[in-house]
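Chemist: Top to bottom, those sequences are chains E and L. Numbering-wise, this note's numbering comes out as the position in the first sequence, counting from 1, plus 9. Numbering-wise, this note's numbering comes out as the position in the second sequence, counting from 1, plus 385.
It is possible that some hints are incorrect.
Said to hold, decoys possible - Computed beta-carbon distance windows for the label pairs:
| # | chain 1 | residue 1 | chain 2 | residue 2 | range |
| --- | --- | --- | --- | --- | --- |
| 1 | E | D241 | L | T539 | 49 to 55 Å |
| 2 | L | P552 | E | D245 | 44 to 50 Å |
| 3 | L | L412 | E | R93 | 37 to 43 Å |
| 4 | E | E267 | L | R423 | 40 to 46 Å |
| 5 | E | D99 | L | L532 | 49 to 55 Å |
| 6 | E | T207 | L | T539 | 34 to 40 Å |
| 7 | E | G187 | L | P639 | 43 to 49 Å |
| 8 | L | G635 | E | H123 | 41 to 47 Å |
| 9 | E | H123 | L | P433 | 43 to 49 Å |
| 10 | E | K89 | L | L532 | 37 to 43 Å |
| 11 | L | Q606 | E | D241 | 18 to 24 Å |
Derived by calculation from the structure, the hints in this document are not laboratory data. Glycine included, each C-beta is placed from N, C-alpha and C at the ideal position.
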Amino acid sequence: MTGHEESDVIIGVQTIERPWHGRFQLAEDSVGRWRIGPLSLWVQRLRGEWRIARETVDDPMDGNLELEIPADVDDLLTKKVVDRFGVAGDSGDLEMMPALADRPVVARPAKPFHVPQGQQVTVFVGSPLWVKISAGTPPIQLLDQPIFRPSDTWFGPSTMEGELCYASRTYLRLNLEGVIRRPHWALTVVKILNRSDTQLNIELLKLPVSRLTLYQGSDGQLWTQDVAFKRDKDGDSATLRIQKAAPSFAQDAALLAEPRQSGEENVVMRAFSAIFS
Amino acid sequence: MTGMLTTIKEFLIGVQSNSYLRAVVILVVGFLLARVVRKHLPTKRLHPQHQLVLRRSLSYIVVGVTISWTLRELGVSLSVLIGAAGILTVAVGFAAQTSASNLISGLFLMGEQPFVIGDIIKVGDTTGYVVSIDLLSVKLRTFDNLLVRIPNETMLKSNVTNLTHFPIRRVDLLVGVAYKEDIGKVKEVLFEVADKNPICLEEPRPLFIFLGYGDSSLNFQFSVWGVKDKFLDLRNAMYEEIKRVFDERGIEIPFPHRTLYAGSVTDPLPVRLVTDAGTDPR
């Protein structure tokens with residue numbers, strides 16, 4: 010884990026006072042229960058085996074956050090979806106880490122949104138989070154699961170060419186106060202600069218979240234790096250720049266998770282239609 | 386005995402026998418090489434279709450070179466053979482018109498590439514995965530695991546539908562509701578079902594079409610988009626969810642109705658009331 014220190018102690022039942030993610034210890038035969046928004050997870054440690062049960066409620070806006078260690082074993086046994094993982098060793102280390110989506114996320118404004126020529130605006134976009142569960146020493150990844158499975162969507166000029174993405178259930182917001190915060194969403198600050206001679210009409214915006222780093226602010230809010238889009242003078246191409254610094258709106262941001270796709274360029278020149286629609 | 390040994394010795398070390406031996410060695414090595422090329426050529430980075438074409442083309446070249454080299458070693462003049470082959474081609478051409486047609490169609494198919502190995506295609510009434518594209522035929526594996534061989538000539542002459550060429554597909558769902566239902570509400574419910582299904586694409590937006598007044602129902606087409614690999618999952622999930630939500634919201638999916646009309650000039654149809662016990666109350 011990077012930049013995020015947690016004490017390795019068995020903790021009791023509590024309304025959540027510590028982040029739902031981080032390192033935990035599970036005693037043999039005990040169960041831990043996490044409620045992260047719409048997703049409930051039960052993790053049980055047995056001799057040479059880990060069991061993970063999960064359950065999702067229908068409401069993607071659910072903001073509940075609960076953590077219970079140890080939890081009732083009977084709860085896990087009644088669940089339909091239970092995965093079993095055989096492991097060597099008898100370590101009780103458990104790591105729950107948030108991660109960004111494995112495909113780009115497409116967000117839309119609530120109402121038609123226009124950026125006149127020469128203007129720069131800052132908008133906020135919410136992206137769905139995944140949870141990665143690893144166990145043992147060294148940690149071995151057991152599960153990589155969306156906290157709430159976002160809808161698929163197609164982003165491209167036609168049904169013949171384009172890219173499969175996830176649809177963000179949040180709208181583009183112009184002010185931070187208007188952003189609905191949920192434990193299973195990360196926020197991204199997007200700066201849009203229109204340098205062309207024509208107005209930029211934004212219907213959809215594609216955010217390459219699989220290439221973004223995840224940070225945590227001191228208030229517990231999860232953020233990604235800032236992203237800047239610049240529509241070039243010719244109007245047909247756009248430059249996407251992923252800022253190297255920590256997110257500008259997060260207070261005392263600490264690095265939480267590296268990008269899923271690393272080693273790619275931070276600055277990408279794309280056809281205008283590959284970023285905006 | 387000594388004479389026989391001498392004859393064998395002469396055969397082995399003689400000029401003529403050397404040619405025979407070399408011919409045999411060339412033939413064996415050539416065919417082994419062709420086999421290695423066909424089976425073990427490292428082409429894993431290429432698409433399966435390109436692997437197939439590359440391996441076959443190279444093995445045919447190796448076989449061709451092997452045969453001509455062998456014939457040369459045996460002292461057969463290739464120019465004479467080619468001349469004879471011309472005459473033979475005419476004769477064989479008449480005898481094997483179908484095969485030749487399939488062969489040429491196969492070359493066209495390989496060049497045009499309307500589908501590749503692994504695609505799901507529909508030819509006539511047959512739908513299945515493309516298993517191989519050979520010089521004479523295309524082989525399909527149907528969904529019930531049968532192998533269907535379709536001659537290339539037929540493929541070239543028929544309408545071939547490639548179901549997996551583009552990354553996304555549209556699923557057309559036919560829905561009928563009772564005449565008493567509000568069309569606006571039905572539309573709203575259908576879009577809600579599509580919105581909640583994660584494998585139903587948000588873009589392109591679903592399409593709602595009113596098909597008309599049916600015999601027993603108002604008929605609609607509701608078309609949603611999904612990734613090609615999840616076509617069946619999406620169709621089943623949508624039908625299942627639409628039925629569940631319609632039941633939940635009290636929207637009726639009607640079965641065929643028949644109204645009996647006796648006509649204005651005829652007497653009304655007689656009606657008899659029957660009690661639970663089955664006796665006439667009169």
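Chemist: Hint by hint, say whether it matches the structure.
Modeler: Hints, verified against the model:
Taken as a hint, the range 49 to 55 Å holds for the pair D241(E) and T539(L), whose Cβ atoms sit roughly 52 Å apart. For the hinted restraint 44 to 50 Å between P552(L) and D245(E), the CB-CB distance of approximately 24 Å leaves it violated. Separated by about 58 Å at the C-beta atoms, L412(L) and R93(E) break the suggested range of 37 to 43 Å. Evaluation of the 40 to 46 Å hint for E267(E) and R423(L) yields a pass: the beta carbon distance comes to about 45 Å.
D99(E) and L532(L) have their C-beta atoms about 51 Å apart, which keeps the hinted 49 to 55 Å range intact. Our hint of 34 to 40 Å for T207(E) and T539(L) is violated, since their Cβ atoms are close to 53 Å apart. Distance hint check: the CB atoms of G187(E) and P639(L) are about 46 Å apart, consistent with the given range 43 to 49 Å. Between G635(L) and H123(E) the beta carbons are some 43 Å apart, a value that agrees with the proposed interval 41 to 47 Å.
Distance hint check: the CB atoms of H123(E) and P433(L) are about 47 Å apart, consistent with the given range 43 to 49 Å. Separated by about 38 Å at the C-beta atoms, K89(E) and L532(L) satisfy the suggested range of 37 to 43 Å. Checked against the hint of 18 to 24 Å, the C-beta distance between Q606(L) and D241(E) comes to roughly 42 Å, which is inconsistent with it.
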